[in-house]
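A.B. asks: Mind the numbering: the sequence shown is residues 3 to 192 in our numbering, read in order.
Treat the hints as calculated values from the structure; they're not laboratory data. One should not assume that every hint holds.
As the list claims (entries may be wrong) - Computed list of lysine-lysine pairs in DSBU-like fashion (alpha-carbon distance at most 35 Å, straight line): (1) K77 - K27; (2) K180 - K142; (3) K142 - K118.
Remember, predicted model here, so these are calculated numbers, not experimental data.
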Amino acid sequence: MTPIIDTGHGYNTPGKRSEGFYDTKGRVLLKENSVNEAVGNKLSFLFWQNCLEAHFITNEWYDVSLKDRCSIENKIAKYIKSKSGDPVFISIHADAFHVKNKAKGGTFFYNSERGKVIAEKMTNYFRNNGYGLSLRDPKKANFKVLRDTNSPAILFEMGFMTTQSDLEKLLSDEFRNKTALLLYEAIINL
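Modelling step: build the complete structure from the supplied sequences, incorporating the hints.
C.D. replies: What follows is the structure in structure tokens.
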């Protein structure tokens, strides 16, 4: 399978941050795009290092609308299919509530039967290889990036930015490296 990877929300997307958790200067500790991009960049390097094809459709400094992300994904998927390839769309995110909470762990979401199979395989791979956060069973969702793309698609919420224990992991380079490595290994083993 050839991955088409979306690193989620851009820098200016409102509300995508660790509400309720601040540094000593009163700034939020984490904006979602910073963890998404860090994991995405590490993932990109792993594919490059191993001479494997992967496509990335977002840029950390610009917000790419959901409509545009779907359009870009569909064009790349068409190109991959024209070369007899098998595209899979993976959207990387970090979850949050508007206030601190106790929700924890990651979740893979899907919107098709093939997406469900991929989400289940990826969840099992993460569980069996020491992800470091609990993972809920995959859930069906009607998200635009899952519904309006032409490839089997999954959306991965790495953990909650508004839960102290998850936030500490999401801020850690070690956790980000592990997440990128598990995503890479899970993708090449699909």
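A.B. asks: It remains to establish, for every hint, whether it holds in the given structure.
C.D. replies: Here is how each hint holds up against the structure:
Under the criterion of a C-alpha separation no larger than 35 Å, the hint pairing K77 with K27 is inconsistent with the structure, at around 44 Å. Using a Cα cut-off of 35 Å, the hinted pair K180 and K142 holds, with the two alpha carbons roughly 25 Å apart. At most 35 Å may separate the alpha-carbon atoms for a hinted pair to count; K142 and K118 meet this at roughly 8 Å.
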